[in-house]
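2 protein chains.
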Amino acid sequence: MNAVEDLKQYLTSRRSEIDAALLAFLPSPPSCPAPVADAMRYSVTAGGKRLRPILCLASAEAVGGDRRAAMPTACALEFIHTYSLIHDDLPAMDDDTLRRGRPTLHVVAGEGMAILAGDGLLTEAFSLMAREPRSDDPALLARKVRIIGIVAAGAGADGMVGGQAIDLACVTPTADGSHPPPLDAGGLRAMHARKTGALIRASATAGAVMGGGSDRQIDAIDRAAAEFGLAFQIIDDVLDVEGASADLGKTAGKDAAAGKPTYPALYGLAASRTMASECLERAASVLQRVDLADSRLLQIGRWIVERSN
Amino acid sequence: MNAVEDLKQYLTSRRSEIDAALLAFLPSPPSCPAPVADAMRYSVTAGGKRLRPILCLASAEAVGGDRRAAMPTACALEFIHTYSLIHDDLPAMDDDTLRRGRPTLHVVAGEGMAILAGDGLLTEAFSLMAREPRSDDPALLARKVRIIGIVAAGAGADGMVGGQAIDLACVTPTADGSHPPPLDAGGLRAMHARKTGALIRASATAGAVMGGGSDRQIDAIDRAAAEFGLAFQIIDDVLDVEGASADLGKTAGKDAAAGKPTYPALYGLAASRTMASECLERAASVLQRVDLADSRLLQIGRWIVERSN
Chain A
1 MNAVEDLKQY LTSRRSEIDA ALLAFLPSPP SCPAPVADAM RYSVTAGGKR LRPILCLASA
61 EAVGGDRRAA MPTACALEFI HTYSLIHDDL PAMDDDTLRR GRPTLHVVAG EGMAILAGDG
121 LLTEAFSLMA REPRSDDPAL LARKVRIIGI VAAGAGADGM VGGQAIDLAC VTPTADGSHP
181 PPLDAGGLRA MHARKTGALI RASATAGAVM GGGSDRQIDA IDRAAAEFGL AFQIIDDVLD
241 VEGASADLGK TAGKDAAAGK PTYPALYGLA ASRTMASECL ERAASVLQRV DLADSRLLQI
301 GRWIVERSN
Chain B
1001 MNAVEDLKQY LTSRRSEIDA ALLAFLPSPP SCPAPVADAM RYSVTAGGKR LRPILCLASA
1061 EAVGGDRRAA MPTACALEFI HTYSLIHDDL PAMDDDTLRR GRPTLHVVAG EGMAILAGDG
1121 LLTEAFSLMA REPRSDDPAL LARKVRIIGI VAAGAGADGM VGGQAIDLAC VTPTADGSHP
1181 PPLDAGGLRA MHARKTGALI RASATAGAVM GGGSDRQIDA IDRAAAEFGL AFQIIDDVLD
1241 VEGASADLGK TAGKDAAAGK PTYPALYGLA ASRTMASECL ERAASVLQRV DLADSRLLQI
1301 GRWIVERSN
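For the record, the sequence lines run as chains A and B.
Just so we're aligned: 31 in the working numbering is position 31 of the first sequence, and the numbers increase by one with no gaps anywhere.
If you want the working numbering, it's the 1-based position in the second sequence plus 1000.
To be clear, the hints were calculated from the coordinates, so they are not data collected in a lab.
Don't be surprised by glycine CBs; every beta carbon is placed ideally from N, CA and C.
Incorrect hints may have been included.
[Unchecked claim] Covered stretches of chain B (in silico footprint by chain A; criterion: 3 or more residues with CB under 8 angstroms from a CB of chain A, positions within the stretch not fixed):
{"#": "1", "stretch": "1136–1144"}
{"#": "2", "stretch": "1149–1155"}
{"#": "3", "stretch": "1278–1291"}
Could you build all of it, start to finish, from the sequences and the hints given here?
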């Protein structure tokens, strides 16, 4: 089997494990009222790459841990990613009607229920990390507190939510009706480090913590994942320019049309792809230093750069 | 000093401690981008009764704990309460323009930023509970994991968010344009147990856990707080009918006008007030059994029933 086929099988197998766990962990009636349970399930089961949970499990395994111990964390991260998409798609935010090839949640369930489903998924993520795996082992409890802190920091106002706020402020006219100045290259990178990078980093780092990694391993994985996050965003921007709606499962060319700063707009398509490859090289070098370059992590990084959707 | 003055001083003193801690724990620039930091601060500093954090601290002290250990939890609960108000006030939900006597956040900062500020506060609540108090003490780590689970369950889709979803579904026309049947008495109570009761219970219970209470004490406080939560909601409904906008700091009579089920609509004003008093009596009896009837908890319960806003 060649490397491409091998990775493909690996990703398919992990995705199917993750999808089953997501379903099992989703709140459901009677403890959860049906309207919001249905709304949460609609968005969580809409598919998607499952990049964050895959990265979480791969990090746990890379440091020698059991991926089952990291599965609740992996699912919590996908809940948070899904909530962020639901809220980001709202009319008051990006106003998207298509996501992963299906109508967005607010289109099918209404804006109010979409807001609540997002809130519910975000809250459930923390419930899940506190609850599972069930154990009174002090070492596990310490890991749980640590990953809850890592994930909350990555998802919160200093991380993903902060990145969304910068993004929103970029396209919102100021009080006098003028438009704020566009972000420069540094500003764009800082925004993406928060908006996309922070949760991707948290996914990898939390997985390494749950897998029992050493501080040196966790730090290296964190730095490599920061490169993955940047590469992911660069390729996202590239695909937004190149792609068609059908392939991406969402409206293409939208960021450029909205006047949002993007990597291709600043650097051109070819240079953007080169930048993404350079991210991978830096990640490889960081992982090499802790003997993790042969783990699945770097293959996942390559998949991020070479993906077509 | 009479009992009324004594409680008044106690509440004022606790509120001032809590307000200072909330300010200290709010994310701020440069780590948090200014637009969302400003939006979160606007809503958190808008005042309010601080019932949930006060209940949290009082529970910690009732079981013999140090309230400083419970202060981060108390602030996290107020962050969650504030986020729920911000999202509940959105045009897609209750569409309120006035809250605590000031324009609601989406009026001053826009809907998108209001959604993000709510998301940020909810996430920060969990970050705070994981982070503070800082310690590697295994007993404290175990308490942290436990309260994060309690608070997430109370705030999430099985709790507060679920209650909001039931409330929203009540006033949303179904696919054929007809209105869903109004909630009966049992349905109303179940909705409020989630929508208001769950977070009030979690506030008291989490405080008791952080204060080092025994399982028997924690259970009694949980049951007493469930009564407080119901009393709180009954009085809220009563004040909504009786009150004027100026006193309540929000639009009065709105629930009744929206055709939402309320206690006064089902039982009348006098019987509703009697029901609230009966909640207190049950709470007193539960607390008596674990020798906590003389703590501040019952006084806080009385304040809930006798308040005028």
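| field | Structure versus earlier hints - violations, ascending order | value | Of the numbered hints given earlier, the structure breaks just one, which is hint 3.
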